Amino acid sequence: MLALDRVSKTYPNGVAALARFSAEIRQGEIIAIIGGSGCGKSTLLRAIAGLDRASSGTVTLDNETISSPHAKIGIIFQEPRLLPWLSVADNIGFGLADLPAVERREKVARALDRVGLAEKAQAWPRELSGGQAQRVAIARALVPQPEVLLLDEPFSALDAFTRRDLQDHLLDLWADMRPTLILVTHDVDEAVVLADRVLVMRPRPGRLFDQIEINLGRPRDRNSPLFENFKRSVLTSLDRSLDRNVPDRDATQGPGQAMWW
Amino acid sequence: MISDARVLQQSSDAAESAAAPSRLSRYARPMLGVLLPLTLALGWELVVWLGWSNGRLVPPPSRIFTTITDLARSGELVRHITATLWRVSLGFAFGVVAGTLLGAISGYWSLARRLLDPTVQALRAIPSLAWVPLFILWLGIFETSKIALIAVGVFFPVYLGVMGAILSVDRKIVEVGRTFRLSGFAMIRRILLPAVLPAYVVSLRVGLGLGWMFVVAAELIGASEGLGYLLLDGQQLGKPAQILAAIVIFAILGKLTDWLIELAAAPFLRWQDAFGQAKGA
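For the record, the sequence lines run as chains A and B. All residue numbers for the first sequence refer to the working numbering, where the first residue is 1 and numbers rise by one. All residue numbers for the second sequence refer to the working numbering, where the first residue is 1 and numbers rise by one.
Okay, chain A solo, but in the shape it has when bound (with noise of 0.2 Å):
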């Protein structure tokens, strides 16, 4: 269980980003934090990923507690981050580097072939499109089995085909290890396809402000009408969260309103 005890972030200038941040996320669990700019959610991702310290309380993951880089919780960027003089294959090895070469090369050909890029193994990371590129970058992060993914807008910078695609792949994966994975995400669609529950967050300072359980199975129909329900309660939730007026018919009126942050 990944705890998170009143996570507070002050930087340097003043600027209070994350303000007393608590919430307890099972393993295996899928949740997704949405909310405004700068609402804090990058700097609460960073802090369970250790790359960056809270000013005050805690991350503990099964009683550890978290202030560094952690060899169970793993990172996917907005952008791929791929090191461009490693080719595909000693990318997705890259977190493999204590392993010998046997078991490592055979953990990164079942990765490859599990992403789909087996016949890119040799191929320089400038060769692949955006997509194949964070699908690698997926399986650098996955390879050594975390037991915590954390993903910060990691689909917000591919066309909308794309985004669908690998958010069908994530969860194709998900359901093979069943890591607990925290995705900041922009995008509400996303948020309901993927989560178990969204927590929305409410800006200056940052804080939490409303969590919203997605009581669907698996696979999800997005054009179902319960999936536009919960799509409609994340929005207005949003909407509340930024002290926007959301008069009762409006909220229940259409997707006509559908927000993008």
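Everything labelled a hint here was simulated from the structure, so no lab data went into it. Some clues are possibly wrong.
Going by beta-carbon spacing under 7 Å, a handful of chain B positions derived as facing chain A [what the hints assert, rightly or not]:
#: 1; residue: LYS172
#: 2; residue: ARG181
#: 3; residue: PRO194
Stretch-level coverage of chain A by chain B, calculated; a stretch enters the list once three of its residues show a Cβ under 8 Å from a Cβ in chain B [to be verified]:
#: 4; region: 79–85
#: 5; region: 204–211
Residues from chain B that keep clear of chain A, each with C-beta distances beyond 12 Å, as calculated [unchecked claim]:
#: 6; residue: THR100
#: 7; residue: TRP131
#: 8; residue: PHE250
#: 9; residue: LEU263
It should be emphasised that the depicted structure is a prediction, and the values quoted were computed from it without experimental measurement. Virtual Cβ for every residue (Gly too), placed ideally from N, Cα, C.
Knowing the structure of chain A, use the given hints to seat chain B on it.
Okay, now just chain B, sitting in the frame of chain A:
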């Protein structure tokens, strides 16, 4: 060049009749650059051969070539080339080692940069030839002062190149290293070194170019052998053919050593060439 050819290919598809001349220009085009010097050389050769000029101050190519073969036959050429190459190699080696070490320290460690960099930059502002009298006083007029001068010339571009390359390593890539918990040394070996390598190779090549420049200066000052000595000797004894012979050999050696660095670095920079290869394919 190959991409040019492809463009030409397309245009030839469009206009069938134009195909023959454009295919011709595909081979003719690189020759265009050689045309001017070749014409001048042959023209001058002809002028001297016809006796319109005696070619004493501007010797024709054949005389330069004869000078080179004469020098080679007497064994002089090898002696001079060896002396010069030896000086450049040693000076280059010292300059590269010092430049790499100090550049890496200032790039990696900001306190060292604040301590060291202003001094280095101030020294860099001094025209390096201004050191010559001092080096001769300190180190004598023989090999040591020459090698020191060459090393100074090589040092600055390498120092700047290494420091700049380390400072401009993408923070996002370093973060990838951090998420995989790379320790200081592993971070240097697996992230920083490969990331700075392209810029490092460039700075080595710039440094080598300066090394060749400074070896001439060093050998003009006072040497009894070396290609620079050939230059000076040619001036003093009024042998322009010998000066031009030395210049030609400098050009060949400079290009050759630069090509050696390029060749040695190529296997490590294949990932960078992908763009050029994709264009050519």
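- prompt: Would the stated hint for B:LYS172 survive a check requiring a Cβ distance to chain A of less than 7 Å?
  reply: Holds, about 5 Å.
Beyond 12 Å from chain A, beta-carbon-wise, is B:TRP131?
-> 38 Å, holds
**OP:** Evaluate the condition: distance from the CB of B:PHE250 to the nearest CB of chain A exceeds 12 Å.
**Re:** At about 35 Å from chain A, B:PHE250 clears the 12 Å cut-off, so the statement holds.
Cut-off 8 Å, C-beta pairs, minimum 3 residues; does the coverage of the region 204–211 of chain A by chain B stand?
It is violated, with 0 qualifying residues against the three required.
**Report entry** Interface hint compliance - B:ARG181 to chain A, C-beta minimum distance less than 7 Å
**Finding:** 5 Å, holds
B:LEU263 non-interfacial with respect to chain A [C-beta, more than 12 Å] = Non-interface label on B:LEU263 holds, nearest chain A Cβ at 18 Å vs cutoff 12 Å.
TODO: Establish whether the coverage given for the region 79–85 of chain A by chain B is satisfied; the threshold is a Cβ-Cβ distance below 8 Å, and no fewer than three residues must meet it.
DONE: Check passed, 5 qualifying residues.
Checking the smallest CB distance to chain A, is B:THR100 really beyond 12 Å?
19 Å, holds
> Should the hint that B:PRO194 touches chain A count as held when the rule is a Cβ pair under 7 Å?
Replying inline: Where the cut-off is 7 Å and the nearest Cβ of chain A is about 4 Å from B:PRO194, the hint holds.
Violation of the numbered hints given earlier is confined to hint 5; every other hint is satisfied by the structure.
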